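With the sequences and hints as input, model every part of the structure.
First to last, the sequence lines map onto chains A and B. Numbered per my numbering, the first sequence finishes at 113, counting up by one with no gaps. Numbered per my numbering, the second sequence finishes at 227, counting up by one with no gaps.
Hints are computed from structural coordinates only; laboratory data are not their basis. The model shown is predicted, which means the values in this text are computed figures rather than measured ones. Think of the CB as a built atom: it goes at the ideal place given N, C-alpha and C, for glycine as much as any other residue. Honestly, I wouldn't trust all of these hints.
As a list, the in silico DSSO-like pairs of lysine-lysine whose alpha-carbon atoms are at most 27 Å apart [claimed, not checked]:
(1) A:Lys56 x A:Lys100
(2) A:Lys100 x B:Lys122
(3) B:Lys127 x A:Lys36
(4) A:Lys57 x A:Lys70
Looking from chain B toward chain A, a few residues come up when the C-beta cut is under 8 Å (computed) [stated by the list, open to error]:
(5) Phe123
(6) Leu156
(7) Gly171
(8) Tyr177
(9) Gln216
(10) Gly219
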Amino acid sequence: GQQVMQIPQYQHVQEGEDFTTYCNSSTTLSNIQWYKQRPGGHPVFLIQLVKSGEVKKQKRLTFQFGEAKKNSSLHITATQTTDVGTYFCAGPLTTDSWGKLQFGAGTQVVVTP
Amino acid sequence: NAGVTQTPKFQVLKTGQSMTLQCAQDMNHEYMSWYRQDPGMGLRLIHYSVGAGITDQGEVPNGYNVSRSTTEDFPLRLLSAAPSQTSVYFCASSYMGQGAYEQYFGPGTRLTVT
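Dropping the structure here:
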């Protein structure tokens with residue numbers, strides 16, 4: 001079955017530095033979503049990517065969907081303490097089940113002031 | 114507009130006990146789902162529903178039952194609790210249609226089975 005994998009599992013970042021987290025799927029995805037979960041909180045939707053090669057930006061966050069639609073990345077520039085949390089990517093379990101999401105294990109981000 | 118609400122926030126059960134985790138949403142979303150979150154494993158889909166009267170299994174359905182009698186409510190029943198069901202449970206809802214199918218998550222229920 002499909003597997004969604006994220007690397008790295010942990011990311012320690014100095015405040016002001018940039019970092020990237022990656023999401024890889026064993027199968028082609030119709031779309032991919034990214035969520036952020038603050039410590040002790042619930043996942044909150046960040047963005048959805050649908051098109052091959054799509055790039056979307058939200059302030060300091062840049063999301064990219066691979067040309068083959070099997071991988072995605074989240075790049076954060078000038079990391080701030082507010083970026084602390086776990087970032088998850090999620091893709092549909094099957095091609096016709098947009099709502100049945102399979103989540104990656106997440107990248108836990110710790111920011112050092 | 115409360116969004117997605119879950120009760121209780123915390124629960125401790127003994128092995129073999131049963132209970133129902135409540136989930137409600139006031140956004141008139143057709144799609145609702147239940148996930149469990151365990152350390153290092155992300156969120157895993159337990160059951161989901163695409164509308165009242167329609168439910169289906171996700172990745173890890175064993176030991177759980179659901180029903181959807183109304184659009185608003187989607188309770189999750191643990192039939193006979195086991196220590197392996199110790200986890201944080203999240204309910205989520207989503208609009209079904211074209212465009213972004215972002216899922217709105219509830220605050221979660223932290224369940225411990227002893």
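Verification of the supplied hints:
| no. | hint | in the structure |
| --- | --- | --- |
| 1 | A:Lys56 x A:Lys100 | holds (23 Å) |
| 2 | A:Lys100 x B:Lys122 | holds (25 Å) |
| 3 | B:Lys127 x A:Lys36 | violated (32 Å) |
| 4 | A:Lys57 x A:Lys70 | holds (20 Å) |
| 5 | Phe123 | violated (12 Å) |
| 6 | Leu156 | holds (4 Å) |
| 7 | Gly171 | holds (6 Å) |
| 8 | Tyr177 | violated (16 Å) |
| 9 | Gln216 | holds (6 Å) |
| 10 | Gly219 | holds (7 Å) |
Checked against the numbered hints given earlier, the structure breaks hints 3, 5, 8 and satisfies all the rest.
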